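Positions in the sequence shown are counted from 1; adding 6 to them yields the working numbering.
Hint data in this document are derived by calculation from the structure and do not stem from the laboratory. There may be inaccurate statements among the hints.
To be verified - Derived pair list, reagent style PhoX-like, types lysine-lysine, alpha-carbon separation capped at 25 Å:
id	residue 1	residue 2
1	282	174
2	157	297
3	167	157
4	185	363
5	282	157
6	219	363
7	303	120
8	303	174
9	120	174
10	167	120
11	219	167
12	167	297
13	252	174
14	157	185
15	120	185
16	185	303
17	120	157
18	116	185
19	167	337
20	303	247
Source: prediction; values computed, not measured.
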Amino acid sequence: MKKQFAMMVMVSIGVLLLFFWCITMMIEKGMGESSAEENLVLLNEISQLTSSSEGENPAQKEIAQLSGQLKEESAQGGKIMVRQMAAVCLIFTVLCLLCWSVYLYLRILKPFDKLEEYAGQIASGNLDFPLTVERTNFFGAFTWAFDHMRKEIMNAREREKRAISENKTIIATLSHDIKTPIASIRAYAEGLEANLEADYEQRERYLQVIMRKCDEVTRLTNDLVLHSLSELENLEIRQQKVDIRKILLQIWEDLDDSHVTLCQPLPEAEVLGDEKRIEQVLLNLLENIRKYVSGAKAEVWAEVCGDRYEIHVRDYGEGILPEDVPFVFNKFYRGKNVGDKNGSGLGLYIVKYIMEKMGGGVSLSNHQDGLEVVVWCRVIALQ
Numbered sequence: 007m008k009k010q011f012a013m014m015v016m017v018s019i020g021v022l023l024l025f026f027w028c029i030t031m032m033i034e035k036g037m038g039e040s041s042a043e044e045n046l047v048l049l050n051e052i053s054q055l056t057s058s059s060e061g062e063n064p065a066q067k068e069i070a071q072l073s074g075q076l077k078e079e080s081a082q083g084g085k086i087m088v089r090q091m092a093a094v095c096l097i098f099t100v101l102c103l104l105c106w107s108v109y110l111y112l113r114i115l116k117p118f119d120k121l122e123e124y125a126g127q128i129a130s131g132n133l134d135f136p137l138t139v140e141r142t143n144f145f146g147a148f149t150w151a152f153d154h155m156r157k158e159i160m161n162a163r164e165r166e167k168r169a170i171s172e173n174k175t176i177i178a179t180l181s182h183d184i185k186t187p188i189a190s191i192r193a194y195a196e197g198l199e200a201n202l203e204a205d206y207e208q209r210e211r212y213l214q215v216i217m218r219k220c221d222e223v224t225r226l227t228n229d230l231v232l233h234s235l236s237e238l239e240n241l242e243i244r245q246q247k248v249d250i251r252k253i254l255l256q257i258w259e260d261l262d263d264s265h266v267t268l269c270q271p272l273p274e275a276e277v278l279g280d281e282k283r284i285e286q287v288l289l290n291l292l293e294n295i296r297k298y299v300s301g302a303k304a305e306v307w308a309e310v311c312g313d314r315y316e317i318h319v320r321d322y323g324e325g326i327l328p329e330d331v332p333f334v335f336n337k338f339y340r341g342k343n344v345g346d347k348n349g350s351g352l353g354l355y356i357v358k359y360i361m362e363k364m365g366g367g368v369s370l371s372n373h374q375d376g377l378e379v380v381v382w383c384r385v386i387a388l389q
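Use the sequences and the hints to build the structure in full.
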């Protein structure tokens with residue numbers, strides 16, 4: 007674009023030079039002829055006046071010489087004046103042309119070059135390339151629209167990345183939660199295998215627990231299939247009145263861990279939440295104790311604080327490092343002191359996400375002799 011513009015300017019200047027040369031030649035020729043005719047008329051009149059006297063007159067010779075000189079000087083002076091006028095006009099015209107060319111370059115060609123470079127950057131996938139909007143040039147509105155399009159493309163790309171990330175997270179989350187009931191099924195199946203001579207009631211209780219855990223696996227598998235095609239925000243939460251004490255007792259009945267103590271009495275209350283999701287949260291917390299606090303004692307208790315039903319899960323293990331505390335609820339984050347223990351870093355992230363979706367919350371306190379996690383739901387009615 008710049009080369010083409012420079013070529014156009016040079017051609018325009020060349021055409022102007024040729025045009026002014028032709029005009030100058032025509033004017034010089036015309037002025038020379040008119041000047042010569044006027045001088046000849048005057049000299050003829052003087053010659054006639056001097057020729058009336060008898061004899062040879064020396065004035066006639068001088069008049070003849072002056073006539074020749076006058077012709078030459080007149081023609082020469084006319085040419086010089088014409089050339090000077092032509093030069094002045096040419097310089098003025100060239101300056102005007104150069105000023106106009108600079109104006110066109112700054113107001114049209116240079117902004118257009120920027121747009122061309124910008125379009126190339128966008129085409130190559132570089133959406134972070136800045137485009138300065140200059141409303142004084144002819145492309146101001148177009149530049150703004152182009153930059154607005156770039157921002158919309160960036161936002162769309164970010165939304166797409168976020169949706170993909172959330173889908174991956176929910177798949178990993180549900181896969182993580184499937185491990186807990188499967189581990190329980192295995193534990194109770196091993197118990198049945200090791201106690202073939204046990205009484206009938208114990209065997210029935212084991213079988214009921216296994217059936218419930220199978221139902222839980224089925225539900226989580228359905229969630230996994232559903233959310234492999236949807237976003238994290240679509241995780242189904244069925245808000246209803248829930249007997250929270252009943253959920254705690256049911257979980258405790260199924261729990262086979264002598265290191266965890268359920269502190270009685272448990273307050274009786276109805277809370278707003280999803281029964282299955284509350285159970286999922288508590289099982290996640292208990293699974294963390296089993297995995298990371300092996301052999302250490304743990305306690306679970308509940309209390310009502312205003313309009314909140316709080317469930318405290320407290321272990322007496324090593325706790326977590328202070329520098330890890332701000333990040334424990336981040337997905338895929340694992341503390342520095344977990345060692346080689348298996349895990350995905352999703353347990354507390356799942357707990358926080360579900361509790362907030364139900365209108366509750368979760369908090370964490372790091373003690374010298376362990377860790378305390380508190381989850382809470384909104385109380386609807388006390389019993």
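Straight-line alpha-carbon gap residue 185 to residue 363, limit 25 Å: holds (23 Å)
Hinted pair residue 303 and residue 174, Cα distance within 25 Å: violated (35 Å)
25 Å Cα cutoff - pair residue 167, residue 120: violated (30 Å)
Distance restraint between residue 185 and residue 303, which requires alpha-carbon spacing of 25 Å or less: holds (23 Å)
Restraint check for residue 120 with residue 174, where alpha carbons must lie at most 25 Å apart: Roughly 40 Å between the alpha carbons, so the hint for residue 120 and residue 174 is violated.
Restraint check for residue 120 with residue 157, where alpha carbons must lie at most 25 Å apart: holds (17 Å)
25 Å limit on alpha-carbon distance, applied to hinted pair residue 116 and residue 185: Violated, at about 63 Å.
Agreement of residue 167 and residue 297 with the hint, judged by alpha carbon distance not exceeding 25 Å: violated (32 Å)
Satisfaction of hint between residue 174 and residue 252, Cα-Cα up to 25 Å: Not OK: residue 252 and residue 174 at ~33 Å, beyond 25 Å, violated.
Given hint residue 247 paired with residue 303 - CA-CA distance at most 25 Å: Violated - the C-alpha atoms of residue 247 and residue 303 are around 32 Å apart, more than 25 Å.
25 Å limit on alpha-carbon distance, applied to hinted pair residue 157 and residue 297: At roughly 46 Å apart (the allowed maximum being 25 Å), residue 297 and residue 157 break the hint.
Pairwise hint evaluation, residue 167 against residue 219, where the allowed Cα distance is 25 Å at most: Not OK: residue 219 and residue 167 at ~35 Å, beyond 25 Å, violated.
Comparing the model with each earlier hint shows violations of hints 2, 5, 7, 8, 9, 10, 11, 12, 13, 14, 15, 18 and 20; every other hint is respected.
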